[in-house]
Amino acid sequence: MIQLIDLRKSFEQQQVLRGVNLTIPKGQVTAIIGRSGGGKSVLLKHLIGLMRPDSGQVMVDGTDLARLRGKALDLVREKFGVLFQGCALFDSLTVFDNVAFPLREKTRLSEGEIAKRTMQRLEAVGLADMPHKYPAELSGGMKKRAALARALVHDPQIILFDEPTTGLDPILLHSVHRLILDAHKRFGFTAVVVSHDIPEIFDIAQTVAMLHNGVIVEHDSPEVIITSANPVIRQFITGASNGQNGRE
Amino acid sequence: MGNPLEAVGRTALKQVQMMGHMAIFLGSTGLWTVLPPLKFRRIVSQIHFIGVKSSSIILLTAAFSGMVLGLQGYYTLRKFGSEALLGPAVGLSLIRELGPVMAALMVAARAGSASAAEIGIMRITEQIDALEAMAVNPVKYLVVPKVVAGVVAVPLLTAIFDVVGIFGGYLVGVKMLGVGAGTYFSEMRNMVEMSDIQGGFLKSLSFGLIVTWVCTYKGFYAGYGAEGVGKATTEAVVLSSVLVLVWNYFMTAVLF
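For the protein sequence lines, the chains are A and B, in the order given. Using the working numbering, the first residue of the first sequence is number 377, and each one after it goes up by one. Using the working numbering, the first residue of the second sequence is number 6, and each one after it goes up by one.
In short, the hints are calculated from the structure, not lab data. It should be emphasised that the depicted structure is a prediction, and the values quoted were computed from it without experimental measurement. Backbone N, C-alpha and C fix where the C-beta goes; we use that ideal spot for every residue, glycine too. Incorrect hints may appear among the rest.
[Unchecked claim] Straight-line distance between alpha carbons at most 20 Å, and here's what the computed SDA-like set of lysine to any residue pairs gives:
{"id": "1", "chain 1": "B", "residue 1": "145", "chain 2": "A", "residue 2": "480"}
{"id": "2", "chain 1": "A", "residue 1": "482", "chain 2": "B", "residue 2": "126"}
{"id": "3", "chain 1": "A", "residue 1": "561", "chain 2": "A", "residue 2": "545"}
[What the hints assert, rightly or not] Computed far set for chain B versus chain A, every beta-carbon distance over 12 Å:
{"id": "4", "residue": "12"}
{"id": "5", "residue": "16"}
{"id": "6", "residue": "38"}
{"id": "7", "residue": "42"}
{"id": "8", "residue": "66"}
{"id": "9", "residue": "68"}
{"id": "10", "residue": "76"}
{"id": "11", "residue": "115"}
{"id": "12", "residue": "133"}
{"id": "13", "residue": "137"}
{"id": "14", "residue": "139"}
{"id": "15", "residue": "142"}
{"id": "16", "residue": "187"}
{"id": "17", "residue": "203"}
{"id": "18", "residue": "240"}
{"id": "19", "residue": "256"}
[Claimed, not checked] Here are the in silico distance ranges between beta carbons for each label pair:
{"id": "20", "chain 1": "A", "residue 1": "558", "chain 2": "B", "residue 2": "231", "range": "32 to 40 Å"}
{"id": "21", "chain 1": "A", "residue 1": "481", "chain 2": "B", "residue 2": "24", "range": "53 to 61 Å"}
{"id": "22", "chain 1": "A", "residue 1": "437", "chain 2": "B", "residue 2": "57", "range": "45 to 53 Å"}
{"id": "23", "chain 1": "A", "residue 1": "394", "chain 2": "B", "residue 2": "233", "range": "25 to 33 Å"}
{"id": "24", "chain 1": "B", "residue 1": "195", "chain 2": "A", "residue 2": "484", "range": "35 to 43 Å"}
{"id": "25", "chain 1": "A", "residue 1": "596", "chain 2": "B", "residue 2": "24", "range": "33 to 41 Å"}
{"id": "26", "chain 1": "B", "residue 1": "39", "chain 2": "A", "residue 2": "437", "range": "31 to 39 Å"}
{"id": "27", "chain 1": "B", "residue 1": "35", "chain 2": "A", "residue 2": "575", "range": "20 to 28 Å"}
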């Protein structure tokens, strides 16, 4: 279980997180929704220690990640897989080498075992026929699949998805969501999905948290969020240009 | 408009802060170099990139540097009737100064800029974040192999530069301008001492460190977007070249 307690973060004069409190249940898909530039990715980076909060706690299975350094932090990070917004595939490595990377760097598995597990994950995401391609040779959807295979390869307990469908067409968007759901059913990890895909995100999330003005304004099941009377959530779901979310 | 004194102070503070940041980065690189496991394959691959792939530009610049030294040296020495000293003049200039400095500048221009751009692009495309998220230390994985490779490759490239430059001087001085071949080499053997070669070697070691340290630092902390990477690459080449020249003066003052 992940618990965020009064998490605060500022960049110079700008307060991005103003006291985030959120509990992410184990084994479920939790979506964090909110406007672009509202601090969702910043929040996600705190979950894996890529950013340190000004104050507050990031509790992962009872350990405060914000206080860890060096090897202790690495040990907690090994529980995580991350699918970055831009995929963050290593562009000088092939798809196969990208997916095999965490196993080569962090395990003592033989090259044969690494190849077997890598191909299994590539098959799971439908990329078994292109392990020797480079990221630059892949389409946007294929890159997301390759990045998902890399995030899955070391059987993490928690996977963070940072806007996994940004820049994809509606067909690919559904395909990536289906892939996340299938992988979740198959591997049973805890998933945190940062997204502003409304209403598609409600199909894959079991809990949804709305981040607005640096705080979580509501955290509940998708059914409750969809019918929420909170004007901030209503405006976000309906996409109205006037309201408490601000104007475009 | 702010107080000009404030602006000067702010700039000075920023520079001091950057120097401190660079020193911490170097310290961290040193620490990760001695901590196991050694990324041997990546180091060899970087030696190939910095050393082998820079050899053609080193051969070309060394040949022409030696030739121009032969040409200028001959006409200058002839004024004093000392053409016989052309060999030592070319040899000492190359071994003590030109070899280490030119090799380092060529590495900064070719491999240093490429390293800064490569790491900078990895920074802006979240590849460095991905390394950290996978519990792989990015300094250990990206920076250490380049710095170790620089310290190994630059002295080797300097040795090649020295030898090719000496033969460039020989080509012009002996084959074109008529200095005796025996005189060229025997005077060089008489006047070039082991301490000169050691000094040049020490210089090239430190230049290898400076170039790779500055270039990887600039790439590692590149700003946003293509503009940030472009700026980091330019700053990497300019700062490493300037530092090589400044450090060269102090090393010459101490060593010779």
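The hints, checked one at a time:
{"no.": "1", "hint": "B:145 to A:480", "verdict": "holds, 15 Å"}
{"no.": "2", "hint": "A:482 to B:126", "verdict": "violated, 24 Å"}
{"no.": "3", "hint": "A:561 to A:545", "verdict": "violated, 24 Å"}
{"no.": "4", "hint": "12", "verdict": "holds, 18 Å"}
{"no.": "5", "hint": "16", "verdict": "holds, 18 Å"}
{"no.": "6", "hint": "38", "verdict": "holds, 16 Å"}
{"no.": "7", "hint": "42", "verdict": "violated, 10 Å"}
{"no.": "8", "hint": "66", "verdict": "holds, 28 Å"}
{"no.": "9", "hint": "68", "verdict": "holds, 33 Å"}
{"no.": "10", "hint": "76", "verdict": "holds, 43 Å"}
{"no.": "11", "hint": "115", "verdict": "holds, 18 Å"}
{"no.": "12", "hint": "133", "verdict": "violated, 9 Å"}
{"no.": "13", "hint": "137", "verdict": "violated, 6 Å"}
{"no.": "14", "hint": "139", "verdict": "violated, 5 Å"}
{"no.": "15", "hint": "142", "verdict": "violated, 8 Å"}
{"no.": "16", "hint": "187", "verdict": "holds, 52 Å"}
{"no.": "17", "hint": "203", "verdict": "holds, 38 Å"}
{"no.": "18", "hint": "240", "verdict": "holds, 22 Å"}
{"no.": "19", "hint": "256", "verdict": "holds, 35 Å"}
{"no.": "20", "hint": "A:558 to B:231: 32 to 40 Å", "verdict": "holds, 36 Å"}
{"no.": "21", "hint": "A:481 to B:24: 53 to 61 Å", "verdict": "violated, 32 Å"}
{"no.": "22", "hint": "A:437 to B:57: 45 to 53 Å", "verdict": "holds, 48 Å"}
{"no.": "23", "hint": "A:394 to B:233: 25 to 33 Å", "verdict": "holds, 28 Å"}
{"no.": "24", "hint": "B:195 to A:484: 35 to 43 Å", "verdict": "violated, 59 Å"}
{"no.": "25", "hint": "A:596 to B:24: 33 to 41 Å", "verdict": "violated, 51 Å"}
{"no.": "26", "hint": "B:39 to A:437: 31 to 39 Å", "verdict": "holds, 33 Å"}
{"no.": "27", "hint": "B:35 to A:575: 20 to 28 Å", "verdict": "violated, 53 Å"}
Against the hints set out earlier in the document, violations occur for numbers 2, 3, 7, 12, 13, 14, 15, 21, 24, 25 and 27.
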